[in-house]
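2 protein chains.
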Amino acid sequence: MKIPSPPTQWLRRSALLALTLATALPTAPARAEDGYELWLRYRPVSDAALRNTYRSAVTGLLVEGSSPTLRATADELSRGLTGLLGAAVPVVSEPVRDGLLVAGTRASSPLVASLDLTAELGRAGEEGFVLRAMPVRGRRAIVIAANRDVGVLYGAFHFLRLLQTQQPIAALSLVNAPRLRHRVLNHWDNLDRTVERGYAGFSLWDWHKLPDYVDPRYTDYARANASLGINGSVITSVNANATSLTPEWLAKAAALADVFRPWGVRVYLTARFSAPKEIGGLPTADPLDPQVAAWWRRKADEIYALIPDFGGLLVKANSEGQPGPQDYKRSHADGANVLADALAPHGGIVMWRAFVYSSEVPDDRHKQAYNEFKPLDGVFRDNVLVQVKNGAIDFQPREPFHPLFGAMPRTPLMMEFQITQEYLGFATHLVYLAPLFEEALGADTHAKGEGSTVAKVIDGSLHGYAHTGMAGVANVGTDRNWCGAVFACANWYAFGRLAWEPGLGSGAIAEEWVRQTFANDASLVLPVKQMMLGSRQAAVDYMTPLGLHHLMARGHHYGPGPWVAGGPRADWTSLYYHRAAAGGIGFDRTASGSNAVAQYFPPVAERFANLATVGDDYLLWFHHVAWDHRMTSGRTLWEELLYRYQAGVDAVRRMQATWRALAGRLDGERYEEVQAFLKIQEQEARWWRDASVLYFQTFSKRPIPAGYEPPAHDLEYYMEINKRYVPGI
Amino acid sequence: MKIPSPPTQWLRRSALLALTLATALPTAPARAEDGYELWLRYRPVSDAALRNTYRSAVTGLLVEGSSPTLRATADELSRGLTGLLGAAVPVVSEPVRDGLLVAGTRASSPLVASLDLTAELGRAGEEGFVLRAMPVRGRRAIVIAANRDVGVLYGAFHFLRLLQTQQPIAALSLVNAPRLRHRVLNHWDNLDRTVERGYAGFSLWDWHKLPDYVDPRYTDYARANASLGINGSVITSVNANATSLTPEWLAKAAALADVFRPWGVRVYLTARFSAPKEIGGLPTADPLDPQVAAWWRRKADEIYALIPDFGGLLVKANSEGQPGPQDYKRSHADGANVLADALAPHGGIVMWRAFVYSSEVPDDRHKQAYNEFKPLDGVFRDNVLVQVKNGAIDFQPREPFHPLFGAMPRTPLMMEFQITQEYLGFATHLVYLAPLFEEALGADTHAKGEGSTVAKVIDGSLHGYAHTGMAGVANVGTDRNWCGAVFACANWYAFGRLAWEPGLGSGAIAEEWVRQTFANDASLVLPVKQMMLGSRQAAVDYMTPLGLHHLMARGHHYGPGPWVAGGPRADWTSLYYHRAAAGGIGFDRTASGSNAVAQYFPPVAERFANLATVGDDYLLWFHHVAWDHRMTSGRTLWEELLYRYQAGVDAVRRMQATWRALAGRLDGERYEEVQAFLKIQEQEARWWRDASVLYFQTFSKRPIPAGYEPPAHDLEYYMEINKRYVPGI
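Chains D and X, in that order, give the protein sequences. Following my numbering, the numbering of the first sequence begins with 19 at its first residue and continues without gaps. Following my numbering, the numbering of the second sequence begins with 19 at its first residue and continues without gaps.
Because the hints were derived from the structure by calculation, they are not lab data. Among these hints, one or two may not hold up.
[To be verified] Going by beta-carbon spacing under 7 Å, a handful of chain X positions derived as facing chain D:
hint : residue
1    : 220
2    : 226
3    : 234
4    : 539
5    : 743
[Stated by the list, open to error] Straight-line distance between alpha carbons at most 30 Å, and here's what the computed DSS-like set of lysine-lysine pairs gives:
hint : chain 1 : residue 1 : chain 2 : residue 2
6    : D       : 741       : D       : 719
7    : D       : 741       : X       : 385
8    : X       : 385       : X       : 466
9    : D       : 295       : D       : 347
10   : X       : 741       : D       : 295
11   : X       : 347       : X       : 466
Just so it is clear, CB atoms sit at the ideal spot from N, CA and C, and this is done for glycine as well.
Could you build all of it, start to finish, from the sequences and the hints given here?
Structure below.
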């Protein structure tokens with residue numbers, strides 16, 4: 019999957035490889051499909067008629083321009099078309115025949131400049147592209163045009179995706195541009211290569227060997243991101259280490275930036291707020307201290323001297339033990355602004371996280387970020403974005419949208435999703451997250467009346483934000499298949515696609531991914547897609563049905579822990595969230611309780627506050643409900659809980675059946691991995707169900723109905739399970 | 019590189035692959051050589067005439083027998099021959115034509131049983147094999163015969179090695195059997211997947227997903243070991259964790275054992291001596307307590323119920339903070355014997371490490387293992403081996419052999435080499451270790467007069483040991499190329515080959531490895547081999563010339579730290595070892611000093627004790643020598659030190675030149691990796707040289723001679739270097 023950048027080197031290698039291929043290939047040991055190629059496999063189009071159609075549509079490749087990005091584009095098109103069409107596509111320098119694929123910008127390509135694409139390019143913007151079947155110098159051609167090189171690259175990936183998913187290309191005419199400007203992965207990677215909440219091995223960044231040795235895998239990482247339009251990578255953890263800002267480590271970051279640059283991916287770092295003290299030798303990190311401001315300015319200058327297109331800084335401050343401006347009685351805005359001022363001359367941004375909650379504040383954790391940040395609306399510098407998790411607690415299987423969305427019209431809010439499955443079974447549970455992302459993006463804040471969706475908040479259309487963005491906490495690591503599981507890569511894919519176009523549907527994204535990752539055969543695509551689309555609800559049901567949340571085992575969050583109590587903070591326990599008692603279960607967040615509902619705009623607040631309108635999904639999130647409460651299903655709450663837990667287990671079993679039916683239709687290594695993981699998931703869905711039901715039964719005192727699969731062990735057994743050395747630190 | 023075990027599955031996959039190949043291969047994106055295939059690449063024999071010779075010598079494959087090991091053998095031969103000969107070799111069931119490769123045991127194969135190989139098989143023993151060109155039922159054939167299935171497997175790998183290295187096979191007639199019985203890798207792998215002194219990523223064992231998911235890479239690991247004859251793998255660290263002996267974790271170990279078994283590789287575990295307290299609930303771990311003995315017996319029974327061919331336990335006790343029998347005022351023999359008694363009914367062994375030295379003992383660390391263990395000779399059970407590092411300090415670039423070798427005629431001593439380069443530059447320094455291993459094995463203990471080499475001690479021929487063995491601290495991890503560097507894999511290879519046959523020369527091993535790993539072309543083989551053979555002396559020269567030792571940076575041991583002083587233990591400092599002063603440098607271990615020399619047999623002791631006979635290599639190991647001491651070279655000691663440091667740097671530069679001359683002759687990815695690492699090595703050789711020379715100059719007060727490359731910085735610069743987050747914990 020690797021491309022060397024200089025074409026001469028590529029040609030030399032190609033020649034060598036061709037030689038090897040000629041003698042070896044008919045008999046070389048075939049390598050298994052191990053997931054490394056992700057959705058960029060470029061296998062020959064299986065439909066012979068369609069392959070011939072494509073072959074006649076693309077008879078040659080003409081990419082004008084020689085920038086690293088355009089060279090990468092040409093290489094990718096060449097590689098992709100060669101694979102898909104089953105024959106090398108010649109590179110030509112003049113449009114002397116029909117069927118050329120012409121790609122470039124008006125600056126790089128006289129041919130593109132000669133075409134009448136002014137209107138389309140006007141709509142393409144900085145990163146978008148035009149894809150059109152149209153005559154070029156009188157010859158039939160397909161044109162990929164853009165205003166900047168990276169747009170051409172994105173267009174090339176889009177075109178290859180159309181072929182990989184077997185779409186018609188004869189009458190292509192589209193303009194496609196990202197709706198969000200900053201589309202970034204957040205790597206929670208430490209300098210010792212451990213990854214917080216990482217379930218795919220360890221950090222891709224081999225710091226020890228950087229900057230001298232540049233692993234070819236870094237290129238494949240950037241390339242995979244570029245194929246989705248992801249244009250930024252925060253390479254260090256939000257629980258930041260000041261060492262990453264020292265000269266020795268900045269050189270390592272710069273080496274990564276050099277690899278990523280041709281692919282349009284900018285490097286970002288996390289800033290430890292106390293860095294001026296820890297590595298700067300200053301007595302304070304007070305953001306209003308002029309020495310501190312000067313230190314950050316010098317640090318920014320130093321970074322940009324090494325990385326001219328450095329993206330900026332991501333900061334977690336005054337949260338979960340991290341230092342921050344409040345250590346000096348300054349506000350989050352004071353903290354963000356001192357960094358923003360340092361970065362502004364270079365065009366960098368600050369992404370300041372709103373994930374804050376204090377153990378010293380007695381109020382519902384749900385309310386704290388809103389309470390802290392809303393008063394600061396309009397006080398941040400123009401190059402600050404406040405990065406808000408999709409929900410107010412923490413990446414639960416299902417959460418209502420964060421009340422900050424819509425509440426800060428003068429401060430660009432960007433979305434933070436978690437791609438890695440911290441609360442969703444790690445890599446061994448198949449949970450396709452696009453429905454979760456879609457649900458959050460589609461939620462209606464009513465900030466400016468009906469239709470004020472979260473998507474319209476973060477894409478800037480609701481409030482006219484100058485900056486827009488979406489961050490995803492990455493799930494990639496050293497595992498050969500990148501994400502720890504073949505299906506977990508669908509979540510990386512979905513995040514990238516939604517960051518480009520938040521309106522894409524989770525079904526359409528699943529279908530794209532399946533077609534590229536496995537095959538286009540409808541008898542495979544449909545069942546796999548259905549399995550994916552149902553998987554998130556399955557996880558909600560077997561883990562935290564009906565609005566229950568944060569019931570996972572302490573610390574590592576692997577497996578059930580509804581009994582978790584005690585410890586340093588109440589809001590790190592399960593009891594804080596489920597509040598099960600003899601009278602009922604659930605967190606009253608209405609006016610009779612914490613009144614967190616009041617942070618939502620009235621129509622939303624009213625809906626959530628009313629037991630009749632809140633709906634099953636958020637019932638116990640907002641209400642403490644009696645065990646015998648009658649649900650819309652006709653069941654009591656207790657019966658419904660059990661019904662949901664069982665439904666989750668049953669859904670996993672259906673996923674297993676779906677997969678088994680595909681035996682022999684898929685390559686062995688990936689097939690067997692999925693099968694093994696589904697077995698683990700079914701075991702653990704039962705573990706979740708049985709542990710939770712037995713535990714809640716100690717409060718409900720109600721029997722387990724007949725016909726319900728009885729728990730395999732007693733409650734003590736489940737409470738004694740103590741998983742050790744689980745990954746993700 | 020993966021083989022599925024059941025042939026039917028293999029055939030099904032093959033059919034699928036063949037289909038894919040047919041449509042895809044001429045145009046599929048070629049994958050780079052990334053080192054994953056190690057020395058088992060099986061590329062077509064490049065010499066066309068020789069390929070034809072081989073083709074006519076092997077026209078078909080006939081492996082009789084259906085055990086998992088024989089199926090693995092047949093698959094390996096099929097894969098290897100198909101690759102090497104450039105055409106599939108048909109599997110036949112009857113010897114109806116000339117040119118068959120016939121493989122099996124007399125029990126598995128009526129054909130093999132029909133041959134007159136009694137004498138040869140008598141010499142082949144339990145694990146050896148016979149390889150002979152001979153008629154079978156009147157047809158020309160090549161026969162691989164053995165007494166046990168695993169011998170056939172080893173013979174198959176040997177045969178494939180002959181072809182890969184382009185050796186003649188027409189008149190094959192050899193019997194080959196391992197000289198050592200236990201040939202084991204020691205993985206210092208923790209349960210959180212960190213690897214102590216590991217420089218190739220993280221642990222191969224994905225504990226969290228075991229036993230349900232079995233990574234295909236485990237098979238390739240076992241297969242690579244089998245190709246060398248390595249028959250054991252201690253999968254957990256010597257700094258042991260009792261958790262690994264709990265039922266949950268034993269199930270994980272059992273899953274690995276199931277994968278390794280067909281390849282003849284037994285699983286071993288490390289035992290934490292305090293496990294009876296930590297996981298057994300006993301009040302003591304006193305080895306003479308009957309409850310403790312009973313606990314270990316039950317634990318052994320439990321292990322063997324899961325892993326019937328479990329190899330045994332490796333123990334580090336009362337060393338560097340580990341618990342042990344001395345906590346109860348019992349001897350190492352008491353400790354080893356309680357475990358040995360538990361394992362004996364099942365045929366398991368105990369490997370008890372002699373690497374002990376106490377901070378409470380004022381005596382030279384060099385002497386402590388001998389002082390502790392020699393008095394215990396003859397007291398250990400029959401199934402105990404005492405595992406002794408090659409030298410008395412700790413895996414230094416060069417050490418004299420350990421004085422225990424030859425000193426315990428009634429206790430089997432096994433060798434412990436370190437394959438991972440803890441003190442040798444980690445993965446980024448090219449240091450081929452076979453010369454170090456060879457030097458240790460060839461050292462003459464004089465235990466029973468001249469010729470009593472260390473090799474004869476450990477192969478049992480000197481003392482008639484019932485058990486024999488060699489352990490290598492593994493250097494493999496999750497890195498795609500297994501060892502962190504392509505060339506580091508030569509050390510895994512060399513260890514395995516020497517464990518099978520300690521008399522193999524380091525040059526012959528290097529040549530085998532280069533031919534299989536890169537190519538057979540002499541114009542490539544010779545320079546690469548020379549580069550490898552000189553690399554260990556280069557490292558000695560730029561790190562610790564003339565018998566200096568243990569001068570590495572504190573803790574992680576990366577880079578120079580001759581100034582390391584203070585801390586919890588004197589013998590964890592550099593000052594303890596080099597003793598530089600105004601008058602001279604070196605550790606006086608003669609009668610006027612610690613008298614460690616007295617632990618060697620008289621001819622050796624006399625040679626080491628005498629300044630005239632000790633030789634340059636061990637000069638400062640055994641003597642404190644004046645700066646103006648005149649060396650055999652005619653230079654003073656000070657001048658010689660500088661000369662050696664410079665020679666080390668120069669040698670690395672020659673390695674760089676050698677490699678550069680091969681540009682374009684090797685595949686790109688591996689070529690570039692080596693080139694980048696040699697650049698790092700050259701930088702760090704200068705770092706070692708300059709830091710060491712400047713530091714020692716503070717004692718010698720002598721100038722740096724003209725013509726010598728001056729240090730780039732001052733001493734303070736080097737002393738302030740503080741490498742952080744280096745791998746290997």
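Open item on the list: Just to be careful: measuring from the Cβ of residue 234 of chain X to every Cβ in chain D, is the smallest value less than 7 Å?
Closed with: With Cβ-Cβ at 6 Å, under 7 Å, it holds.
Task: Pairwise hint evaluation, residue 347 of chain D against residue 295 of chain D, where the allowed Cα distance is 30 Å at most - done: holds, 17 Å
Open item on the list: Check the hint pairing residue 385 of chain X with residue 466 of chain X against an upper bound of 30 Å on the C-alpha distance.
Closed with: Holds. Residue 385 of chain X to residue 466 of chain X sits at ~21 Å (cutoff 30 Å).
- [ ] For the pair we were handed, residue 741 of chain D and residue 385 of chain X, check the Cα-Cα distance against 30 Å.
- [x] Given that 30 Å is the threshold and the Cα spacing comes to 43 Å, the pair is violated.
TODO: For the hint on residue 539 of chain X, just tell me whether its beta-carbon gets within less than 7 Å of chain D.
DONE: Hint on residue 539 of chain X: violated, closest Cβ of chain D at ~14 Å, above 7 Å.
TODO: Quickly compare the C-alpha distance for residue 741 of chain D and residue 719 of chain D to 30 Å and report which way the hint goes.
DONE: The given pair, whose Cα atoms are some 29 Å apart, holds under the 30 Å limit.
Open item on the list: For residue 741 of chain X and residue 295 of chain D, compute the direct alpha-carbon distance and say whether it is at most 30 Å.
Closed with: holds, 20 Å
Task: Agreement of residue 347 of chain X and residue 466 of chain X with the hint, judged by alpha carbon distance not exceeding 30 Å - done: Outside the cut-off at roughly 34 Å; violated.
Open item on the list: Using the nearest Cβ pair, does residue 743 of chain X come within less than 7 Å of chain D?
Closed with: Holds, because the Cβ-Cβ distance from residue 743 of chain X to chain D comes to roughly 4 Å (cut-off 7 Å).
TODO: Closer than 7 Å between Cβ atoms is the bar; does residue 226 of chain X clear it against chain D? Give me holds or violated.
DONE: Hint holds; residue 226 of chain X Cβ to chain D Cβ min 5 Å, cut 7 Å.
Open item on the list: Tell me if the interface restraint on residue 220 of chain X is satisfied: Cβ within less than 7 Å of some Cβ in chain D.
Closed with: holds, 5 Å
Going through the hint list in order, the structure does not satisfy hints 4, 7 and 11.
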